[in-house]
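Going down the list, the protein sequences come from chains A and B.
Numbered by the UniProt record's numbering, the letters in the first sequence go through residues 1 to 193 in order.
Numbered by the UniProt record's numbering, the letters in the second sequence go through residues 1 to 1144 in order.
Heads up, some of the hints might be wrong.
As the list claims (entries may be wrong) - Here are the simulated PhoX-like pairs of lysine-lysine, each with C-alpha atoms no more than 25 Å apart in a straight line:
(1) A:Lys13 <-> B:Lys412
(2) B:Lys573 <-> B:Lys527
(3) B:Lys252 <-> B:Lys286
(4) B:Lys181 <-> B:Lys212
(5) B:Lys339 <-> B:Lys358
(6) B:Lys358 <-> B:Lys390
(7) A:Lys41 <-> B:Lys103
(8) B:Lys641 <-> B:Lys1050
(9) B:Lys390 <-> A:Lys41
(10) A:Lys41 <-> B:Lys358
(11) B:Lys343 <-> B:Lys358
(12) B:Lys234 <-> B:Lys212
(13) B:Lys181 <-> B:Lys140
(14) B:Lys763 <-> B:Lys339
(15) B:Lys594 <-> A:Lys41
(16) A:Lys41 <-> B:Lys49
(17) B:Lys421 <-> A:Lys41
(18) B:Lys103 <-> B:Lys140
(19) B:Lys54 <-> A:Lys13
Unchecked claim - Chain A regions said to be covered by chain B (calculated; three or more residues, Cβ under 8 Å):
(20) 81-95
(21) 109-121
(22) 125-136
Calculated directly from the structure, the hints in this document are not laboratory data.
Virtual Cβ for every residue (Gly too), placed ideally from N, Cα, C.
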Amino acid sequence: MIQAILVFNNHGKPRLVRFYQRFPEEIQQQIVRETFHLVLKRDDNICNFLEGGSLIGGSDYKLIYRHYATLYFVFCVDSSESELGILDLIQVFVETLDKCFENVCELDLIFHMDKVHYILQEVVMGGMVLETNMNEIVAQIEAQNRLEKAEGGLSAAPARAVSAVKNINLPEIPRNINIGDLNIKVPNLSQFV
Amino acid sequence: MSDIVEKTLTALPGLFLQNQAGGGPAAAKAPFSSRLGGLVRSITALTSKHEEEKLIQQELSSLKATVSAPTTTLKMMKECMVRLMYCEMLGYDASFGYIHAIKLAQQGNLLEKRVGYLAVSLFLHESHELLLLLVNTVVKDLQSTNLIEVCMALTIVSQIFPREMIPAVLPLIEDKLQHSKEIIRRKAVLALYKFHLIAPNQVQHIHVKFRKALCDRDVGVMAASLHIYFRMIKENSSGYKDLTGSFVTILKQVVGGKLPVDFNYHSVPAPWLQIQLLRILGLLGKDDQRTSELMYDVLDESLRRAELNHNVTYAILFECVHTVYSIYPKSELLEKAAKCIGKFVLSPKINLKYLGLKALTYVIQQDPTLALQHQMTIIECLDHPDPIIKRETLELLYRITNTQNVTVIVQKMLDYLHQSKEEYIIVNLVGKIAELAEKYAPDNAWFIQTMNAVFSVGGDVIHPDIPNNFLRLLAEGFDDEAEDQQLRLYAVQSYLTLLDVENVFYPQRFLQVMSWVLGEYSYLLDKEMTEEVITKLYRLLMSDSISSETKAWLIAAVTKLTPQAHSSNIVEKLIQEFTVSLDTCMRQHAFELKHLHENMELMKSLLPVDKSCEDMMVDASLSFLDGFVAEGLSQGAAPYKPHHQRQEEKLSQEKGLNFEPYGLSFSSSGFTGRQSPAGISLGSDVSGNSADTGLKETSSLKLEGIKKLWGKEGYLPKKENKTGDETEAPVPQETTIMENVDQAVTKKDQSQVLTQTKEEKEKQLLASSLFVGLGSESSVNLLGKADTVSHKFRRKSKVKESKSEETTSGYNVTCSSFSSLPNVAYEEDYLNTLQDRGDKELKKFSLSSELLDPESLTELPLVEKLSNCSLSTPSLFADNNMEIFHPSPCTTVSFAKEISLASSLLDETAESLNSDCMEICDNETISVSSHKIYKDDCLLVVWLVTNKSSTELKSANLEIFPTENFKGLLLWFLEITEQPECCLSITEAENTKIFQYSVQMEKPFMQGNLCGFVNYQTVDTLSAQLEFSVNLSLLDFIRPLKISTEDFGKLWLTFANDVKQNVKMSDSQAALPSTLETLEQKLRLHVVDIIGNEGLLACQLLPSTPCLVHCRVYADILALWFRSSCSTLPDYLLYQCQKVIEGS
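Whenever a hint applies, use it, and build me the whole structure from the sequences.
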């Protein structure tokens, strides 16, 4: 079972926090921080598995993470999940995000936090893997989006607002990295194996 | 465009209305949609955490105003919710918005509802009180015709749902399992899985539906149901063995590419599904050869197919390997799996290497040669930059440790320990080091030094078992007394050196260990040293960094050393110092020391040298205080009452029933809970607490009642496993091991010939030291000489012997109790019955004389038992553990000349009650009738086998089937014994033969059949069989329990299981006595007493499970209250009583 899914950026700012097991608010924040510190210490060329920190339950739990450009995707799972399987699930999730947002970047995750959650709900439901077939997930999301578009004719299109925002110069963006790097590149899997 | 509008109108009635109502001021929209953007922008612009906090607080307060303003539309609310979620994600409290999230989910249109649900699932948790407000919305949405609404409701149910409200939605979700859309079915399955997790008993009745889901035509639904099955099989694999075939078939289809291409992921068919199935198969096939055989083919196929060089194929491979090693082994598969592990371990990809190590760790106990094959890789991993890989390697090394490589491995572990800072890693690793050190220590110095490292690094986070175990090990010693003394001396010396180092702070636990050891064993040093030790302890005591608990340990050590010291300046100084201490505990200790110090003789006898393991005799009755007590009493003091008596009195003063058993409220207080051994030794003198009267004070560590998990050889249960594994290792491995050793050696030689860097040489050296003894030791074990491997700290052989004696004697006792105790009782009883019948009839039965001989009686059953087991009823015992069958005595086979005689016999069967005789089966030659005799201590089932034909039968035999054919009656254990004489033939025509079986119940069951067959052979034909069955119910095993009212009262309080029920009586039996009489007759209960409108009944379920009934009559209602030590009995009896009362 998946206990938690955390997405945070290189500075440890949470971008998506979803717990499937109950933790009090403060502990949740602590877990995010602790996980960030655990993950940050690690180079990109060492293994993608970590033993869960003491907060989330010790050695029975594994942290499985991937690092994409500015974001860390961390899944905290118990022993009943396959490590490599989850690693690919993260890939599926990110690829789906990429499809839904068309070249997804960190900003999409910030401004469409709700949408990201809806996509996640189609992949993982209540801590269980619901769907791993990307086309199926996208189809579900599109079905929901149709509603939004129907309404979108009546209210301002959020997409437009976002594309405007994307071009605003955000101070948080590391200045030495150009905008191209902001995009989460969905790389070829083999480099993560 | 028009069709979109149309769709919107049908799908979202009210959307327009909402927009018209809410979207009035068009200007308000734009700021709202970009508010989040603004917030994000301003947050990222900030430089400090403090500023962020300020900004968010500002934002929150403005949000608070907005959400609670009545003019806020749902649309604006939706936007607010997203911002609230954002704030909440950053860790700020937004609880004021929770109720609005629920409102949004309740009232919003589809899009708003979606945000509302999402906010609820992020904000609240399962037991949040506001969640109850959502239940109605969920129910409404589940019934909605809009698929998206149903999906949202199912999603929220599987995320958070209050457990107590499950019944409200359960039927709706069950319906969804038949929904035409597979996405709904799939989500419904997962929602039910969630229910199974939080309240398994509420979904028990829909297990059949899970099976349906497993057979669903949609693969997604089937995959979702696997989550449930994985869980359930993990909990109880035996219940789902029948599904193995289905899982195998599914996996075969998946592996064979029968699924639509849609399910392929990087051209691997449904990898996650495969992984899940492989895990399930691994659970099912564990220790089960027959089930495992079903899956060999498909596993082979999976291993073969997974060739593609992609991440996810490795995931499948890994699961395959895991499954192959979990199930009943097949050498071919193991070979392939081992090859796969090699692929993992040797892979340059670090994730795969990690998994390879993990797999090695898992299989190493079954196949230690694998570690030898990969030894060089393992060595490399030890120096790997990734700490996770290192840890996994250490875990692996931990499993292959033996006496020869222990020093190297422990050194590696300590190295790692010094680097790591995380607490749980330290706790875990320290435990392992301590275990290995105890198990395999090569010499005293090493052992003590390793333990010192453990204590100083482990600090105060180490498991308390480790220091306790270490002290016990020192105190109890080993085989060789001289060796023990050496070890102790070494410990004392090393501690003194450690304490000499200036400005080093040791963890409290370590100081406690030191102080105990110094207190006990400083006498091994020179006499002059004692004062020095005391000085050191004193210096520690005065230090600020010492906790008060440690101070107690220290002062106890000083107390122990005082009688040995020549001069006592420091002790006096210490007494002075601490008799004025603010810490009451320390002051108490100081006063104890002071008084003892004044009386050296007493002190010496109280604190003898090196007697920590011996019991000390003390006057536990405190008789020396008699005078003091008498004086107190004469001055008018109240006599002392023990704790439990006081409590009883207090309770009796209170009104109402006491549901607590009185016997358990006794709790001993005083010094028994003390940790310090020295504290205990002092305890008897100073406690003065008479509640301890009768408890023997000892000066040793209290070890009784503590589960013995840790022994000298380490963690005990683990040890057992290990030895089990060793013996299970297949013999042919021996040769391969040898070969591997050879290989390793030759490899080493070869590589040495080659030009080597210094580094490589070092690694080789390390390898040889790490893997030494791995192959050879196991081959020694295989030759059956495991004992020759010398363990340094072996349990005292004395203890071992006494233990084995204990077990054998224990065995003897049980044996004799099997054979003699119940049997004698029974036989005597039976003989009495026989005598009751009168001599006249007795003589008519050709009972064998030895049966009447009381002396041979006791031996007979044992013989019977043997013969039963080996000959007559193999089927009966085949699937069961022999020992649970207490062969009880049995019964004699008697045969009578005429049926009439037989029935007269039955009528006269003592005073025992019996049921009517009824025919249970017959054919043209034989008829069988049966009846039950309710004897006081068992149920006697009697079969009368009559030869109806005019010809003689060569032989006739009656056998009873085992009772496994009752599925569902898992608790079904009958105890049946038969006489070997059963096979006496009914040779004569028109003759009747009687078979009797005494039946006892091992565990309560409600109902079941006792089946058997009669096997006979007529003169002219071949042998034939006639089957029959007799129905037995729990009621057959109920007997009156004749006890007094007083005993009833006592027993009543000791039983925990009770059931109450009111039963309506018909007018005719409104009187209590008559009702009770009916119960007495029909159910064989014993009427203990009738007091006014209350009645007491007692009965017992054979062999000896009592059940008590209390009944009271109000008008025509009979209130029944059952209590028993058995949990099922009250329910059953209640049902029977109801039947009797309502039936008559």
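Indices of hints not satisfied (ascending): 1, 7 and 15
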